[in-house]
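Colleague: If you want the building blocks of each chain, they are given just below.
Protein chains: 2
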Amino acid sequence: MMKYGIVAFPSKKLQDLANSYRKRYDPHYSLIPPHLTLKNPVEATDEEIRQIAEKLAKTSEQHEPFTLRAYKISSFQPVNNVIYMKVDNTPELLTLHNALHTEEFGGAPEFSFVPHITIAQKLSDDEHSDVYESLRMAGVNHEETIDRFHLLYQLENGSWTVYETFRLGKESQ
Amino acid sequence: MMKYGIVAFPSKKLQDLANSYRKRYDPHYSLIPPHLTLKNPVEATDEEIRQIAEKLAKTSEQHEPFTLRAYKISSFQPVNNVIYMKVDNTPELLTLHNALHTEEFGGAPEFSFVPHITIAQKLSDDEHSDVYESLRMAGVNHEETIDRFHLLYQLENGSWTVYETFRLGKESQ
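Quick note, the sequences are listed as chains A and B, same order. At position 65 of the first sequence (counting the first as 1) the number is 61 in the working numbering, and the numbers step up by one without a gap. At position 69 of the second sequence (counting the first as 1) the number is 65 in the working numbering, and the numbers step up by one without a gap.
If you're looking for bench data, these hints aren't it; they were derived computationally from the structure. Values in this document were obtained by computation on a predicted structure and should not be read as measured data. Among these hints, one or two may not hold up.
When chains are identical, the list treats them as one kind, so a pair holds in a single copy or across two.
Claimed, not checked - PhoX-like, lysine-lysine: derived pairs with alpha carbons at most 25 Å apart:
#1 LYS82 to LYS51
#2 LYS54 to LYS166
#3 LYS19 to LYS118
#4 LYS82 to LYS118
#5 LYS(-1) to LYS9
#6 LYS8 to LYS51
#7 LYS(-1) to LYS68
#8 LYS51 to LYS166
#9 LYS54 to LYS68
#10 LYS35 to LYS8
#11 LYS54 to LYS35
#12 LYS9 to LYS54
Starting from the given sequences, assemble the full structure and let the hints guide the process.
Modeller: So, in structure tokens, the structure goes:
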């Protein structure tokens, strides 16, 4: 068994910006590049991952590239101390998210979808207040097109390896 | 401009083994998962990477999955202090490597191809001697099929993000 997840990596430009914060404020900094999670980690066997990949190839063909617009810094407080770039929940993104949570992919998600790119987590309450205040002031205003997503699995050390990339849209096939 | 490279990631099992050594002996541990380099880093623009990806899609179709056999621990000393799992240089692997170094991909490689998975580097000479002795005793004997490779680019912090995955062989298309 291993854990797999599905993410989109934004452009190098947005990843570099996110990493400039993560380096100081996110202990997961070295485990995975900055990302927009499309499906939270789920347990699966080698064989199941192969089957999931086959299904994802079809799913990706049926969905078009979408606009990722990061427009403010927000926080999940008081649920947890995660600070993130809030990403516009467009119909295209929501539709893709839903398509990755049908019965064949294990069913509905545990939580409602709040598209985001994490830039700080596991801070103490005091740290969180300080960092959130300064990051919120810095803000973010970025827009780009996402034309692919990735299926990843987790290694024993907690880091993530890409298993496969899926391009969105029929033109790419 | 950014740097891109082409690698194959071995199975989780071999990555976990490699990481058990890299954690202690490789300062690049957190920058990239354990990998077999197929093409060393090269500078390219966004547009060039898109073109390279298109070409790689064709190249990957024209080559079949290959056997990765890691059969001993070796070192590049005295050239440098890199310790690695030596990977059998099969005709299939060599052919793929050559296909990634034709004129359309920037031409011949600077060095002859020694397929390997790095597990230790940047050690002092004394450390290198000690670590090499103990890893060589531990040895490695692993065989698996590699059916895909990945195009990656490097972020400002030195870490690598996967741009796209390419499956080897026509059946996968």
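Colleague: Does each hint fit the structure? Answer for all of them.
Modeller: Results of checking the hints against the structure:
1. In this homomeric assembly, LYS82 and LYS51 never come within 25 Å of each other (Cα to Cα): the closest approach is 29 Å inside a single copy and 35 Å across copies.
2. Both within a single protomer and between protomers do LYS54 and LYS166 lie at most 25 Å apart by alpha-carbon distance, with minima of 10 Å and 17 Å respectively.
3. In this assembly of identical chains, LYS19 and LYS118 lie within 25 Å of each other by CA distance both inside one copy and across copies; the values are 13 Å within and 23 Å between.
4. In this assembly of identical chains, the alpha carbons of LYS82 and LYS118 lie at most 25 Å apart only when taken from the same copy (18 Å versus 40 Å across copies).
5. Proximity of LYS(-1) and LYS9 under a CA criterion of 25 Å is satisfied inter-copy only: 13 Å between copies versus 28 Å inside one chain copy.
6. In this homomeric assembly, LYS8 and LYS51 come within 25 Å of each other (Cα to Cα) only across copies, at 21 Å, whereas the closest approach inside a single copy is 28 Å.
7. Taking identical chains as interchangeable, the C-alpha atoms of LYS(-1) and LYS68 are never at most 25 Å apart, the minima being 30 Å within one chain and 30 Å between chains.
8. Taking the closest pair of Cα atoms, LYS51 and LYS166 come within 25 Å of each other both inside a single copy (15 Å) and across two copies (18 Å).
9. Taking the shortest Cα distances, LYS54 and LYS68 never come within 25 Å of each other, neither inside one copy (33 Å) nor across copies (40 Å).
10. Taking the closest pair of Cα atoms, LYS35 and LYS8 come within 25 Å of each other both inside a single copy (21 Å) and across two copies (20 Å).
11. Proximity of LYS54 to LYS35 under the C-alpha cut-off of 25 Å is restricted to the intra-copy arrangement: shortest distance 16 Å within a copy versus 30 Å between copies.
12. Taking CA atoms no more than 25 Å apart as the test, LYS9 paired with LYS54 passes in neither setting, with 29 Å inside one copy and 28 Å between copies.
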